[in-house]
Structures are given as structure tokens and as C-alpha cells.
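J.: These protein sequence lines are chains S and B, in that order.
To convert, note that position 38 of the first sequence is 38 in full-length UniProt numbering; the numbers rise steadily by one, no gaps.
To convert, note that position 498 of the second sequence is 498 in full-length UniProt numbering; the numbers rise steadily by one, no gaps.
Keep in mind that the hints were calculated from the coordinates and are not lab data.
Certain hints may be false.
The list treats identical chains as interchangeable, and a pair is accepted whether it falls inside one copy or across any two copies.
To be verified - The calculated DSS-like cross-link candidates involving lysine-lysine, where the alpha carbons are at most 27 Å apart (straight line), are: (1) K531 x K181; (2) K669 x K117; (3) K142 x K346; (4) K550 x K518; (5) K11 x K71; (6) K732 x K742; (7) K540 x K467; (8) K71 x K346; (9) K64 x K346; (10) K614 x K467; (11) K181 x K64.
Note that the structure is a prediction, hence the values are computed from the model and not measured.
Single-letter residue listing:
Number of protein chains: 2
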Amino acid sequence: MKRIFEVDPWKITTHTLNPEDKRLQESITSLGNEYMGMRGMFEETYSADSHQGIYLGGVWYPDKTRVGWWKNGYPEYFGKAINALNFTKMQIFVDGVEVDLAKQVPSDFELSLDMQKGLLTRTFTVLNVQITVERFISVAFKELAGMRFTFKAIDGQTHQLKLVSFIDADVVNEDSNYDEKFWQVLDKDSNLENSWLASQTIANNFGVPQFTVIAGQSFKGDFAANDFAVSDFAVNNTFIGELTATKPLTFEKRVIVTTSRDYASEAENIEANHRLVEKQANQSFTTLLDEHIAIWAQRWEKADVKIEGDEAAQQGIRFNLFQLFSTYYGEDARLNIGPKGFTGEKYGGATYWDTEAFAIPVYLAVTEPKVVKSLLKYRYQQLAGAYHNAQQQGLAGALYPMVTFDGIESHNEWEITFEEIHRNSTIAFAIYNYTKLTDDHTWEQNEGAEILVGIARFWADRVHYSKHSDAYMIHGVTGPNEYENNVNNNFYTNWMAKWVLEYTSRIWPNVSAAYAEKLAVSATELELWQKIIAKMWLPKVDVTDVDGVKRQVFLAQDGWLDKELIPVKDLPADNLPINQHWSWDRVLRSPYIKQSDTLHAMYYFPEAFTEQEKRDNYAFYEPFTVHESSLSPSVHAIIAADIQLEDKAVEFYERTARLDLDNYNNDTKDGLHITSMTGAWLAIVQGFAGMRVVDNQLTFKPFLPKKWTGYDFRMVYRGRVLDISVKPTGTKVTLLSGEDLKIMLDDEEILLTNS
Amino acid sequence: MKRIFEVDPWKITTHTLNPEDKRLQESITSLGNEYMGMRGMFEETYSADSHQGIYLGGVWYPDKTRVGWWKNGYPEYFGKAINALNFTKMQIFVDGVEVDLAKQVPSDFELSLDMQKGLLTRTFTVLNVQITVERFISVAFKELAGMRFTFKAIDGQTHQLKLVSFIDADVVNEDSNYDEKFWQVLDKDSNLENSWLASQTIANNFGVPQFTVIAGQSFKGDFAANDFAVSDFAVNNTFIGELTATKPLTFEKRVIVTTSRDYASEAENIEANHRLVEKQANQSFTTLLDEHIAIWAQRWEKADVKIEGDEAAQQGIRFNLFQLFSTYYGEDARLNIGPKGFTGEKYGGATYWDTEAFAIPVYLAVTEPKVVKSLLKYRYQQLAGAYHNAQQQGLAGALYPMVTFDGIESHNEWEITFEEIHRNSTIAFAIYNYTKLTDDHTWEQNEGAEILVGIARFWADRVHYSKHSDAYMIHGVTGPNEYENNVNNNFYTNWMAKWVLEYTSRIWPNVSAAYAEKLAVSATELELWQKIIAKMWLPKVDVTDVDGVKRQVFLAQDGWLDKELIPVKDLPADNLPINQHWSWDRVLRSPYIKQSDTLHAMYYFPEAFTEQEKRDNYAFYEPFTVHESSLSPSVHAIIAADIQLEDKAVEFYERTARLDLDNYNNDTKDGLHITSMTGAWLAIVQGFAGMRVVDNQLTFKPFLPKKWTGYDFRMVYRGRVLDISVKPTGTKVTLLSGEDLKIMLDDEEILLTNS
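Looking at chain S on its own, in the form it has when it is part of the complex:
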């Protein structure tokens, strides 16, 4: 745990530049607009350790798989959203000396991310010049990244400034499997006014398209164009200016990034890039920035959460929403939400089940339905890939991948790729969840049905009938608890498979005629599904919990009770986290649960389990849960709140609220835990406020954490925007816009009117 930024409700500010924390600082000051994003590295030369990273949504490369011994069915590559060209790169010279904060100690330093505005500002003084850099990636003009440099002499003297601005395609991925370069330069040009460069991913043998990215830079401000150059992998423009004691100088670098994802040919791409460069040139920096800020304001209008009495918590929840929205806002249904967004290379910017499990539940409540609709469409477009994946395993139906860009599995460990198949059910859950929150059944009855039938057919083939136990079983899986591999009858996996078959059977009669004809689910098939539903292996067993209380719980997996059941609290403290201190062998044999597993179904379907079931399973399994996935605490916060363990709920919330701002897991330098950032919101809204849709009605059962004096959140619900304010004196729900609505609040129905 390490906190390097100051606490502030809307800003992430530091006045310290510690080279040791440079990567951590860069991760936290990342910017993005779904179309592209970048880490918070400095524009000008910084010669000490830093991780330069600019990533473009959907621009990826199939990095050859690295694996010990090959196993049949392994994907041949691991897809990665690769570090694209470096278009922020600058050199700044003051009186002939190059500015480099690794070499010159600034006499003042401030780095500040304004979350309300989506603006990153840095001010520092070196060589008797105060330099301010403002940077934004426009959410109003997706191809635009704007940077503005302001120079002020602080010593009453005149200084000669020289600026060199680059588009540099000589970049690598730090995590490439074989230290390969993924880019080749296609075309480039430079003149005194501006320059551009087109870079293309190198050819691959896997049928993955080669992407072309073009960055064009243009400039405004008080400097005079002086020179330009083209080298093998870069283009640059040079500007000079005389900085007097009285007049600050400004310099604007504006970059337009276009990619082959949006244009049919290279010529069109180049033409578009030039056109957009011209378009933005007609607008002032202030106008461009204001348009960007206005969109951010609209987003906050629907989504803001206010916490009273805990400024650190306030900052945490806003940071999470800011970074989530920077990663994804549903503008392009071909994109999704990588676990680290645009902020690092781990997980390769690919799509995981995190999206449907954790992100969609948030987006459903804080954005218009079209945002989540884009995420649903994403999976629909990749249905062919899911069929391919199932076929690779010799199975019927559709198996959504663990890691993907195009629907084809690109993860390469058998215990995950082949076995962590519970992910498939979460794709179905997203359809269910969307329908429940929006009351829009059209997706479920059309494209959604096609996905559901594909997944249901997968499960119907993947289960097997055990004659010995007269039950349907699922062997050889890895559940959400990845500290078990290749287990039989993981409760969550079995329960969800059964649910998918139930849900698909239930919606089948209402599927549109066109889709019903296309999907042609036969009576025999429906019958088999019913048989599986009736005989799915989901045993309840009698146990004694760590406090000696007798309970009845779902068996987490075959044989779980035969483990050596020492609760986490009795482990020596220096053994934690076990994933850093124990061999994998010991982790696997232990009873320790990485993240919510048996409880995960209760998070998805709170109404499907009795309160006693929740209490029993929570009481029995939580003491063995190490929460070493950043996705675990929020689910536990929600369940704890559900069973009135309010202090526990708050405790879990605190483990997720400032995960990255406090570098809780000591790995934020590698990038932000974007999908885990949903956790704090889920804990507050689904946990503390008890938000559910029960019997087609929005309900709340709020409590106020003891440390807080109040909290207040906005929520989009079926065409309305609500404000929910929880105070010591009670809860007030206000309808901010939209039609009247009856909701349940603390088990009482109330009518919200738009007065």
C-alpha cells in the first residue's frame, strides 16, 4: 500500500516527483476516450525509468504463444492491444539545455488530474523557466489528443527556447513474448507546418488483420517553425521562441490519430487524417477543451456519487468512475473493456468476463442503455468465434473465450482456456441483467436468444451423465476461484450452467419468429435441457463453521470438505498473500479461495437464494477466502450487506475503494485495475444502498456506514435519472428526470414524481 497523490474530492494531485514511483504515477494519471488512451508519461525527455504506453482501442497483434509443453487445442497466439506510436514525444531545450526531469531537480512540481474535466496538468520549474503542460484526449472529438505548453521566465531574463515535436513509431511492448517488434512504418511525411506517419502492424500467420495507424501532428502558439525531419521510424518538427521576462509563450501540439479500423483503404485513412487535422486547426484550444469538458459534465450528471465525511472515499469512487468511462463509454460496439484499459500491458487490453460480471452491472445504472447495448452487440458479433472455440474442444454450441479481441480464444493455459468455462454463463447473465434493468426485451428475444441458445447447447454437451450418481455433472473445470484447477462439480459452474438452461428454456417461447426459425431448438433438445436441470449435481452438505456453528452449505466442489480446513486468520501473517509466498502446489491443495466462488451466484441472483443460504455459505466459506483477486471484496461487500453484516460490508468496501490510488496490491505501476474499479460502486449501490430490481421493481434497503455522514448517488433507470441520498436521518430518492416511478424503499412502496 502506498499513497502518492493527495486527497481531494475531484483532483488527483501530487507535488512530488520520486523516480521510484514514476510508473505508479504514470498509471494513475492515465487518460483515455475509449478510442485511445495513454499512460501519464511525460511528453518531454525523461531519461530515468518510465513506461511509455499509448494504446488504441481494437488495434492488436497476435503475439506468438509462449508455453512449456504444447497441448492440443491451445490457441496459437495471445492477442494484445499493442503499444502504438508515441505521439506525445517532445524535446524541450532552454538556452540549449534539454529539459529532463530525471536530470534537473525542479524547484516546484505539480502533477494534477482533474477528473471533472478530464484534464491532466503538470507545472514545474527548471532552468529558470516555469513550464505548464496541459493534456487531454477528447471525448468530444475521438481522434484528437491536445497538449498545450506554457512557458514563463521566472528570473527576469530572456531565454531561447527550442521545441522538437515527434511522431515516433519506434515503440515496443514490454510484455512481448519473444521481444519482437510489432510495427513497421508504411509511410510518412513532414514539412515546416506539420508532419504525419503511418505505421502498420507486421504480418502474422494467424489470419489476424494488419492494422494501420496514422498520427498527424499540427501546431499553434507563439513559436516559429524552424525545421522538420523524417527519419526511419519518426517524423518531427522544430520550433523556436524567445521567452522574455514579461510575456509567457504558449505552444500547442495537436495530434489526430486515425486507424484502418475506420477506413477501407490506406489512401482513405491518410485523406481522413489530413482532413481531421485541418478541421481541428480551425478551432481554438479552449473551444476543443470546452467541448471535451462539457461531455464529461454530462457523464458526471448521471453517474456521480457523493460521499460525506470521508474525502478519501469520495476521491476513490470518482477516480474509479473516471477511469472506467475513460476506458469505455459504448461509442463503438467493436470495442470492450480490458482489465487494465489503456493503462498498461498486462492482460493485453483484451476482453475478459470481467466486463459482463462487474462492468455491465455498473454501466447499466450510470449510463444510457445504449452503452451496455454496445457491449451486448460486441459479444453477438463474436458468436462465430465462440462456436469455433467450442469446436476446438470437440464440443457443441458456443463457448465465449477467456481472452479475446475477435471472439477466438487467445489465452494459453489449459487450466484457464479449457477449464474456466463458467465465463460462458456470464455472457448469458449480461443479457438477463440488461433485460431486468431496462425492461427492454427485444435483445433477449432476438440476437440475445441466439447467444443464449449457443451457450445452452454448449452446456448441454459439456455436462455428462454419471450413472454412478444418477446426476449430470461438470468435470474438469476451474471456477471463479482460480486457486483450484481442474476440479469436478464446482458449485458456481454447475449452478450457472443449470441457470442458463432454465433461462434459455424460459425465454424460448417468446423468441421472435425469425430467430426461432433460425435457431430451431427442437423438442428433444428442450427435453434434454429439462433433464439436465432436474438432475444437475448441486449437493448441499452439513458442516460446522469456524465458530462451531452447524450449517448447511453448497459443496464448493467435489472433495472440498476433505481439505485441511484451517481458516485464513490462523495462518501466519507472513504467509499472506499466499500467491506470493506459497508454491502453486500448496495454493492448489489449500482450502483458500481467491475470490468469491460459491457466493458469486448469490451476487448475480440475490433473489434466487434464501437469506439462510446466504448466511450459511458466507459464514462457512468467507473465513477461507483470501480475496487475492481485486474482484473479490466487492461481491463480499454486497453479500455481507444483504445479510445485515454492515461493518463487514464496509470493511470489504474499503479494500476495493482506493485499490489503485493507494496501490493496495503493490502492482498499480503495471496499470490500473480498470474492471475492478467497478467494485467500489457496486459495494455502495448494490451493497450499502441495497439496490435491486425485484419482481420488476426497483428497490433499495440502504444503510449508512458509521464513518460517513451521508452519501448520494445518481442512477439511470428505465428512462429516468434518480438521485438517492442516504443520510443519518433517512433516505431520500428524487426523480430528477423522466416519468413517475413506483419503487420499494425499505420494504415500502413509494411513488416518485417529477415535480
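Fit chain B to the given chain S structure using the hints.
T.: Leaving out everything else, chain B in the frame of chain S:
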């Protein structure tokens, strides 16, 4: 399956040179003398596909681990006996044209491996010259490789011959993980008479010693030295000769290979190499070859197996013994038996449990006890590594590695490295087996005891007590059946762990005073071992076999009976072998057994199980066994013979007898299955002849396979050499040398006298 060599009792001969089968041909014509070995590649240039490979015992390199996602405890490297310098390399020019059998079609061609003599001979005619090449790696003079070339003009003309002979250090391993070179040239020199080169493995970060290999070449014969050269990675000598119609010309290339394993300094190594070059120079090729052949004769004297009525079987068993002895004959206790010996790169020439499980049982019967004693010493020398391996997993005691050169684990897949721990018990079994066959208890009471206590302490820590089932269990293992990973309570693993504790407890009172003091097994420890022995989880369950017969069997692993139990015979034929046709996921979930698993303990301890137990377990599990490990059929042959399923025993024997000669698994091109070559011998001697040591007495219960008219094998037993001859008329056991001996033959005691 593909047979490219002719059937002959003592020779492996072909008259065909098919480029497609070149690698297969090279594997089968491999030569070795434990100290070094090589594939059967041609000496002269062959410009089509070929796999040049010369490997030296104990000369290895730690190739950086290639793995998907790192797991705690993974070894950082995978040890490999690396392709060393190419010292067979030649260029042959006839009238200025280079001989290259990839370009010139020979008008005759014969390649023949004489197994009685250990001599590889090749004759072919191109460019009007018949060329004969003889090659051997001396078993009498370990550092010596001899090659003799004989040239005959067949067209009555005179031909100008030029020969260039190389030592070439520019070699790579085909299987290197990152395409790295493992060698650097240290020193080299050449003159008109001879030349030498010293090559060293490059530095590594893993504390593995760097090895230096020196090859010195010298020459004899009818050619005149003409030139010599030194290049970056090679040295060479050039010879010329005029071949007339009447007089054949011969050319001898003799290579001496010395390594830093035998000399303290590079200077000593060079000095020794030069000295040995001189030493052999004083002897004729014939003398050197005869000494080599004489040693082979002594080996065959003790070990030969004669089969009457089946020449292919005869050839098969001799080929297996020949290749086994070429790989290992106990001369150097720092060496062991790689699964592919010196014949290929897969498995990296490292030590596996195959040695103790399959090779020692053969060597114990066909060589003097000192050979196996060397193998026992090997493990004793590596005990510190075994303690290290256990510690890496957070466990007490000693864990012998899956793959090693120095005792430290160097395999890199968790399901094997961490989980296939049954290997540990086989190290103990080897001590038991040696003692049983030799009646020499000194090892068991001293060094052996130290190994046993280390392994026993590992098991006592690795088991855990299940309160739920009131039993000791072993979770998270991979048994001998590697088509299951991370299972709980694999029968074989549990049974063997219990046996190790029993055996160690039993020998403990007899351990020598010095070792008893050193090992200090406490009363508490012995008590715990007894508790574990008493409550080890080894359930017997009621089942119905594929023929509908009710039986009681050991449960292969927790949950096994819940699998979908379709016998192998009911699988579509095109699904086999399943490891080539099924995804790993499907393989793991299936009931199909790769190799003997539950039956494996019955192979080790035939007396420990009742005949009914053998019948029940064989009948129940064999129908699910796919035998996709080359180590499986022999064990099944032995058990089948034991329960009088003689035809079945023969059927299994046939799957192992000519595994490589008939390229049974279609992978012999990668190298020979050296350790599996024990299978045919085991099937004949322990299977057909029923050889056992029961109650400290040698016993036989032979039967004669229907296809054969007789078989006869030699056996070393407690200072004697026996000949066992099985004919339709009965079995005759003859004492060839040593003291009188009472044995059991078909349940009758007979006295063998040395008359």
C-alpha cells in the same frame, strides 16, 4: 507404424535411402557408449533434411524456461544435454565433385548396424566410386570415436579424391526454447597432421557449471595430408589421394573427446586430449575395433535373449538391449539414462523416474550389481537437490525431481513438477528392488537409508489429515496416468507413499549406527508414520466391469466412478490416439488411462496383491487404458501373464517389442524410446517367464507364446549367470557360472548345480 530396416537376428540393415525417412533412419542407427553418443547421420555432406546430433553424458545447459504464466516455485530453467560439437563432419570430393547423397542417387546403398559388434557400416556407390564407411564409439576406450572410409573405383578408371575432415562447433539444439546458441569456442589449433578445438557452454545465471568439450582429430590411411585450416567455429584437415582401378584407398578418422567433467583445468583437459590422441595413434583400427567388440561380447554373454520362431521379435529384443547398453552401462555414477538417450533432443537427455521404474529392473538381471549400484549412487549424490525441491514447495524431506541433471528440478509445468510426485516413491523402490535381487543389504542400511528417510519425511509432510473422512490423504497430484492432472487420492500415489513409510519403518532398526545417528528418526516421527500407514485413504469400491461382472477394485482417484465410462473399444477408431485427436480438456475429463496407474503398484509388488485383486483391477481398468505411453504395454503384459491371460500378455508384448524398429508411435524420428526399450525384456522375463524373487528365492512360472517355438535368456543373479530356456517340451534352467542355487520353477523347488 513403418518398418524401414530388414529383419535379421543381429543386424539392422536397409538398402533404401528415402529422404523422407532420413531422420527415422538416423535415430535407429544411433551409437553410444554412455560417455557419448550420436545419431546415425552421415559423415559427409547431406544437403537435405537431417538431424545432426552428438551428445555427451553429463554435458548440459540450463535452457531458460518457456512458460505461459509464471507460478511460484517453477524452476527457472529446463536442463538439456545439448548437441555438442560435430566431430563426424566430412567433405568428400571425387574428381572435384562433392559427394552428397541428397543430390547423387547411389547405384547401390547399404546401411547396417551390427548389434553384436556395435559397428555401423554404410556402403554406397556414386561418381563411379564405391565408398564404405565404418563407425564405432568405443566401449573399451570411452573417449574414442573411430571412422574408416574405404574407396574403390568401379569403372576401371583413376579418380582424384579429396577429403576434408572437420571438428565443427557451430551447432544448435533444435529444441532450444529461445533459439539461443549454447556454445562458444574457447581455443583451437590445426596443423597438417591433426587439429583440435575446445568449445565451452556459454555462461548462465543459474549456477550451473560451464562445461568444456575438446575434440581432437587424427588420421591414418592411404591419403596425403594437403592442407589445414582454422575458422571461427571449426578446424579442418584436408587430404588427397589418387584412387586407381586396382587399389582401394582407406582413410581413418579418429576422434578423441574429453570434457571438463574429467579434468580440473582447461590445461589438463587439453593435455589429456593430446595424450589420448597419441595413445590411440599407436594402435591399429582393427585392434581398437576388436577391443570394442570384445566388450560387447561380454555384455551379450550375460544378457542375450534368443527367440525361436520369430525373427522380428528376436531382432527387436536385441535392438532394445543394444540401445540400452549404448546409453548406459554404469561406468560413471554421475550419469543416468535419458528417455531418449543420445538419440534425440526431446526430454533433453535428463534423468526421469523411468530409470528406477523400468531400467533398473532390467539392469539388475542382465548386468553385474555394480551397474545398478552406480544408478543408486547417482540419486544419493543428488539428495541435497531433492531436499531443495521439497523446500521449494514448502515441504519437509526430500523430493526427487521429475527432470534433472544435478538433483534440482528442471521441469516447468505445475501439473508435473509440483504434482507428479509419485516419482519420489520409485526412488525408494529401486533401493528395495536392488536389495531384493542382490541380497546385498549394505546400501539399504547406509546411504539408501538416508534416501529413504528423506523420502519418508516428505510423504509424512505431504499427506494431510482429513477430519471429514478420518483418513490421511494426498490431494493435488498427477499419477503415472498423466491423462489426469491435479487429482485427489490417486491410488498409486497413496499406496506407494504408505509403502515408503512401511519400508522405511521396517529397515530403520537395521540401519548402521553411523547413519542412524546422522538421520535421527525420532519415536514421535515413527509413531506419526504408523498413524499415516494405518489411516491412509485407499478405498476399495464395488463396480461392474465392461462385461457386466461385479468386482471390487481400488478407486483410481476420488470421483473416478463418476466419469462417463465408455470403454476404449467403443470409441470411434479415428479418435485414437486421443492425445492427437482430442483437446487436453477432453482428455482430462475422460476415463482414459495413458499408462498403467492403479496396476503400476502390482507391477512393482506382485506379492503384495492377491490374484483376485489383480484380476479385478486389470479387468476393470484395462478397458479404459489407451496405452499412449510407450511405458504402458509392458506392465500390462506382466500383469496379464500373472493372471494367466497369456494371449493378452503376448498382445501387449507385441506393442512394445519393436516400438522403434517399426516406428510404432510415429515419432521415432525424434529419437529412440530408450527407457521404454526395457519393456520387451520385462514382458518376456517378468511376464512370459514369470521371473520373481519371492520369499528371497528366485522363481519362474514360464509359458511359451503360441507363435514362438522357444525362447532362452541369460540372467545374472546373486553372483551367478543362469540360462533359462523355455521350449514346448518344458523349461530348463542352467547355471552357467557361480555357486549352486535353489530356485522355484512352476511351484517346485529345484537345485541348480554348476556341473
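J.: Evaluate each hint against the coordinates.
T.: Hint by hint, here is what the structure shows:
Taking CA atoms no more than 27 Å apart as the test, K531 paired with K181 passes in neither setting, with 53 Å inside one copy and 59 Å between copies. In this homomeric assembly, K669 and K117 come within 27 Å of each other (Cα to Cα) only inside a single copy, at 24 Å, whereas the closest approach across copies is 66 Å. When the C-alpha separation of K142 and K346 is checked against a cutoff of 27 Å, the pair qualifies only within one copy, where the shortest distance is 24 Å, while the shortest distance between copies is 52 Å. For the homomeric pair K550 and K518, neither the shortest alpha-carbon distance inside one copy (51 Å) nor that between copies (48 Å) is at most 27 Å.
Taking CA atoms no more than 27 Å apart as the test, K11 paired with K71 passes in neither setting, with 49 Å inside one copy and 38 Å between copies. Taking the shortest Cα distances, K732 and K742 sit within 27 Å of each other inside one copy (14 Å), while across copies they are farther apart (99 Å). For the identical chains of this complex, K540 and K467 are neighbours both inside a copy (20 Å) and across copies (18 Å), given an alpha-carbon limit of 27 Å. When the C-alpha separation of K71 and K346 is checked against a cutoff of 27 Å, the pair qualifies both within a copy, at 23 Å, and between copies, at 16 Å.
In the homo-oligomer, the alpha carbons of K64 and K346 lie at most 27 Å apart both inside one protomer (16 Å) and across protomers (21 Å), since each shortest distance falls under that limit. In this assembly of identical chains, K614 and K467 lie within 27 Å of each other by CA distance solely across copies; the values are 25 Å between and 31 Å within a copy. Taking the shortest alpha-carbon separations for K181 and K64, both the intra-copy value of 12 Å and the inter-copy value of 21 Å come in at or below 27 Å.
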